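Participant: Sequence:
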Amino acid sequence: MNNRYRLLPLLLSTGLAACGGGGGDSPTPAPATPEIVAKSALLWRATTSTGRSGRLILLDGGRLYFLYSRTNTPDTLGGAVTGLAGASGASGLASTVLDFNWEGLPSTSATLSASLDVHNNLNGTLSYSDASRDLSFTSTYEAPAASIVSLTDITGTYVSPDRTMTLVVTPTGAVSGTAFSTSCRFTGALKQTLNHSSLLHMELTFQGGACALGTSTVTGIAAYDVSQRVLVGVALDGSGATATLFQGGNS
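Residue numbers (this note's numbering): 23 to 273.
I should point out that these hints are in silico values taken from the structure, not numbers from a laboratory. Treat each hint with caution, since some may be false.
Stated by the list, open to error - Derived Cβ-Cβ restraints for the label pairs, each shown as a range: (1) T98 <-> T204: 22 to 30 Å; (2) P128 <-> T98: 35 to 43 Å; (3) I170 <-> G260: 29 to 37 Å; (4) G262 <-> T72: 21 to 29 Å; (5) S205 <-> G73: 33 to 41 Å; (6) T186 <-> T162: 29 to 37 Å; (7) T177 <-> S205: 21 to 29 Å; (8) I170 <-> T192: 15 to 23 Å.
In this text, all values refer to a predicted model and were calculated from it rather than measured experimentally. Just so it is clear, CB atoms sit at the ideal spot from N, CA and C, and this is done for glycine as well.
Work out the full structure: start from the sequences and follow the hints.
Facilitator: Structure (structure tokens):
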């Protein structure tokens with residue numbers, strides 16, 4: 023039997039909106055870098071029937087992320103879909119997910135259904151209560167060896183295209199930055215997944231003050247594009263109902 027067919031149900035068996043961001047006017051002492059427990063991941067490069075592309079990421083334990091682009095703009099983050107996936111047969115998955123959209127559409131729940139083909143590609147559909155948003159997708163499995171990077175490679179200052187968010191990454195994976203205002207600060211950490219060095223677990227804690235998320239801690243996933251030197255990611259608060267999305271370039 024194909025190893026990927028065995029791994030998919032194993033990952034699933036281990037183990038919903040507004041975009042937020044926003045610190046005080048004076049520096050707040052940084053807390054200790056959080057200890058993140060790294061997990062294994064599966065990665066697919068996806069394209070949709072609505073002209074989007076992106077990364078489908080499935081973590082050990084079943085947490086699913088789909089970081090998708092704007093329509094017909096593959097280099098610009100358009101939103102993120104996330105949820106806990108469950109096994110559907112020997113080579114499929116199904117999940118109720120939340121779609122946090124960055125294109126002006128309301129964030130909403132959806133149903134994801136997908137299955138692996140004989141080449142380990144994951145293909146499926148996303149169905150919404152508003153049928154005009156329904157889409158299908160195809161995706162190509164990407165092996166961990168396709169992109170090998172170190173935290174030193176990722177070290178630097180990442181600034182969002184509209185310059186409203188800055189994220190600084192150190193060689194140890196510690197991060198700090200500001201969101202939507204120089205008076206809203208956050209600290210946190212990135213840690214590479216066990217097998218995909220360009221996929222990173224992310225944990226951020228906002229420092230209160232003017233931050234829309236107060237002193238919340240958010241956790242999620244980030245992906246590093248080696249050729250573009252761009253970091254994209256999404257992180258959720260403890261309720262899973264609020265998300266912080268980020269895209270930044272390191273010049």
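Participant: Against each hint, give a clear statement of whether it holds in the structure.
Facilitator: Okay, the hints, checked on the actual structure:
no.	hint	result
1	T98 <-> T204: 22 to 30 Å	holds, 24 Å
2	P128 <-> T98: 35 to 43 Å	violated, 19 Å
3	I170 <-> G260: 29 to 37 Å	holds, 33 Å
4	G262 <-> T72: 21 to 29 Å	holds, 24 Å
5	S205 <-> G73: 33 to 41 Å	holds, 38 Å
6	T186 <-> T162: 29 to 37 Å	holds, 33 Å
7	T177 <-> S205: 21 to 29 Å	holds, 25 Å
8	I170 <-> T192: 15 to 23 Å	holds, 20 Å
Hint 2 from the earlier list is the only one contradicted by this structure; the remaining hints agree with it.
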